[in-house]
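J.: Assemble the whole structure, with the sequences as input and the hints as a guide.
Taken in order, these protein sequences are the chains called Y and F.
In case it helps, this note's numbering puts the first sequence at residues 143 to 609.
In case it helps, this note's numbering puts the second sequence at residues 5 to 111.
What the hints contain is simulated information worked out from the structure, not anything from laboratory work.
For clarity, every value in this text was computed on a predicted model and none was experimentally measured.
Built from N, CA and C at the ideal position, the CB exists for glycine as well.
Heads up, some of the hints might be wrong.
A few chain F residues facing chain Y, derived, Cβ under 7 Å [stated by the list, open to error]:
no.: 1; residue: 31
no.: 2; residue: 55
no.: 3; residue: 72
no.: 4; residue: 85
Sample of chain F residues with no beta-carbon within 10 Å of chain Y, all distances over it, derived [to be verified]:
no.: 5; residue: 11
no.: 6; residue: 16
no.: 7; residue: 41
no.: 8; residue: 100
no.: 9; residue: 102
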Amino acid sequence: MTEPTRLRPGDARAHGPTVADTLRQDRYPPPAPLLEQCYAFLGDAPIPVSRYTSREFFDREMRQMWSRAWQWACRLEHIPDIGDRYVYDIGPYSIIVVRSGEGDISAYHNTCTHRGTRLLDSEGSGYGQAITCPFHGWSWHLDGSIRNIPGRWDFPHACEATHSLRPVRCETWGGFVFVNLDPAARPLTESLDVLPEHFSHFPLEQRRIKLHVQKKLPANWKAAQEAFMEAYHNFETHDAPNGGNAQYDIFGKYVSRFIHNIGTYSPQSLDDYPGEKWRQPTLSEEELLGILAVFGVQRSNVPEGESARDIAAGDLRRSLGERLGIDLSDASESMLLDSIEYHLFPNMFLFPGLGVPMVYRFRPDGERVDQCIFDLLIMEPMPEGQEHPEPPEPVHLEVDDSYTEVQELRWLGPVYDEDTGNLALQQRGLASGAIEGITLGNYQEARIRRMHLTLDEFLSASEAGND
Amino acid sequence: MTDEYVHIANADEVAQGKTLVAQVGDREVLLCHTSEGYFAVDNQCSHAAARLCEGKLKGHKILCPLHGAAFDVRNGSALSRPASQPIATYPVRVDDAGIAVLVGEVD
Chain Y
143 MTEPTRLRPG DARAHGPTVA DTLRQDRYPP PAPLLEQCYA FLGDAPIPVS RYTSREFFDR
203 EMRQMWSRAW QWACRLEHIP DIGDRYVYDI GPYSIIVVRS GEGDISAYHN TCTHRGTRLL
263 DSEGSGYGQA ITCPFHGWSW HLDGSIRNIP GRWDFPHACE ATHSLRPVRC ETWGGFVFVN
323 LDPAARPLTE SLDVLPEHFS HFPLEQRRIK LHVQKKLPAN WKAAQEAFME AYHNFETHDA
383 PNGGNAQYDI FGKYVSRFIH NIGTYSPQSL DDYPGEKWRQ PTLSEEELLG ILAVFGVQRS
443 NVPEGESARD IAAGDLRRSL GERLGIDLSD ASESMLLDSI EYHLFPNMFL FPGLGVPMVY
503 RFRPDGERVD QCIFDLLIME PMPEGQEHPE PPEPVHLEVD DSYTEVQELR WLGPVYDEDT
563 GNLALQQRGL ASGAIEGITL GNYQEARIRR MHLTLDEFLS ASEAGND
Chain F
5 MTDEYVHIAN ADEVAQGKTL VAQVGDREVL LCHTSEGYFA VDNQCSHAAA RLCEGKLKGH
65 KILCPLHGAA FDVRNGSALS RPASQPIATY PVRVDDAGIA VLVGEVD
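T.: Rendered as structure tokens:
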């Protein structure tokens with residue numbers, strides 16, 4: 143056994159075969175980005191607990207990060223026709239995204255320029271050929287210009303220059319509309335790191351929202367999203383064998399990734415985990431295939447010389463391809479089975495895989511330090527040329543509701559209950575003041591540290607600017 | 005005002021996701037074809053003077069063109085501000101002869 147102390151920090155890895163080993167052995171070559179590996183040690187200092195519990199820190203995040211970072215507001219298919227609009231709320235801020243012309247998308251502060259009333263009350267989809275304040279009836283064209291001011295004789299001092307709707311920067315990528323409240327923000331592409339290149343292999347434009355579940359979670363938004371940034375918890379939280387040797391990549395300040403294999407696992411990666419589970423004896427190929435029945439894999443026997451991963455992928459190439467109406471005959475084992483998760487700072491997760499094709503978003507619930515909103519979308523690929531259907535309305539779940547109430551989630555319902563079930567405990571533990579900082583693994587939890595380092599850059603840059 | 009079903013459209017006239025306005029007696033009725041079937045509501049928003057036919061049907065919601073108030077076309081209930089009062093709904097009959105609505109006495 144290698145002594146971790148003799149390696150430089152960040153150099154140690156789990157024992158046994160790696161994700162890269164599995165991908166190299168797969169029969170169908172994966173898209174090139176999945177073979178990339180990119181990790182560098184980012185430090186091992188504790189992350190202060192106050193980041194998750196303090197009002198003062200929360201307010202700094204609002205003032206200096208949320209008001210300056212690009213963030214996903216809605217999908218293009220939420221606003222297909224001129225006049226369609228979508229309200230996106232973040233903390234005290236509210237933004238209207240509107241289809242203002244055939245190929246034009248605009249965004250505005252959801253605030254009346256007369257006396258400050260919020261123009262549109264609730265988050266989500268809407269429609270109108272004008273935007274009208276419910277207080278005195280001031281209204282604006284879709285391009286933000288003034289349409290009507292009732293009793294205009296009394297407002298000789300109000301004109302386009304002063305009373306158009308306040309614009310918000312917006313740009314699109316991958317079928318998503320992003321907004322940025324900072325008029326001087328750098329272009330969105332500078333915050334996407336490798337995403338445009340990597341996702342040219344897995345186009346998100348051609349995906350549809352099959353299901354949208356929006357749940358409130360009892361923890362700071364960062365604690366909640368960090369529960370989804372590593373697979374180290376799989377053994378204890380999910381009673382699952384395949385997180386111990388996951389691959390973690392940091393592609394830049396804004397983008398990180400993990401890949402963990404499904405349909406195979408590394409017993410050696412669990413060598414110092416409690417008990418003999420999954421090591422003595424190891425899972426047979428038949429048992430591994432049995433775990434994959436939830437993916438819709440029909441076969442249950444693994445012939446000599448084949449693996450559960452081969453059989454499951456072969457089954458899904460046919461059955462998933464038929465269900466989606468897409469030719470998946472060249473799809474790699476990794477794309478069909480693995481959990482491949484990209485994170486885009488500050489709060490967006492993208493899964494390019496076909497078996498687990500999710501998108502996540504985490505953000506504070508209003509201005510609550512200790513509660514957040516988790517948007518979970520299942521985004522299925524569509525046949526080329528097919529138009530997007532109208533997206534489904536979100537299913538809303540409160541803190542105490544269970545994901546199993548959403549039948550369409552099927553086997554994922556209990557999994558998300560497990561993922562989110564520790565959060566209230568963690569937030570309470572953090573709030574107790576017993577520890578001053580949380581500790582992160584150098585490799586498996588490096589994505590969390592990267593996120594905090596980038597957050598620090600936002601916070602310190604703003605402070606410098608304020609001096 | 006009538007107490008009988010009045011034919012307002014042929015069976016294939018209104019595609020799913022679309023609406024059609026019909027004058028029945030002294031009333032404008034908005035027929036909405038949703039994934040759950042046909043529903044008929046009053047064409048007038050309960051909040052301000054706006055015709056809902058100029059708005060948009062999204063799922064089972066009709067959205068007012070003026071302020072974006074949303075109503076559930078299945079029961080007429082107001083789903084979002086600034087509307088708080090419901091809009092009237094009318095029974096719809098679909099058969100070989102087409103689509104008919106009953107605009108009886110208003111409650």
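J.: All the hints need checking, so say for each whether the structure fits it.
T.: Outcome of the hint check:
no.: 1; hint: 31; in the structure: 24 Å, violated
no.: 2; hint: 55; in the structure: 12 Å, violated
no.: 3; hint: 72; in the structure: 4 Å, holds
no.: 4; hint: 85; in the structure: 4 Å, holds
no.: 5; hint: 11; in the structure: 29 Å, holds
no.: 6; hint: 16; in the structure: 20 Å, holds
no.: 7; hint: 41; in the structure: 16 Å, holds
no.: 8; hint: 100; in the structure: 29 Å, holds
no.: 9; hint: 102; in the structure: 26 Å, holds
Hint violations for this structure: numbers 1, 2, all remaining hints satisfied.
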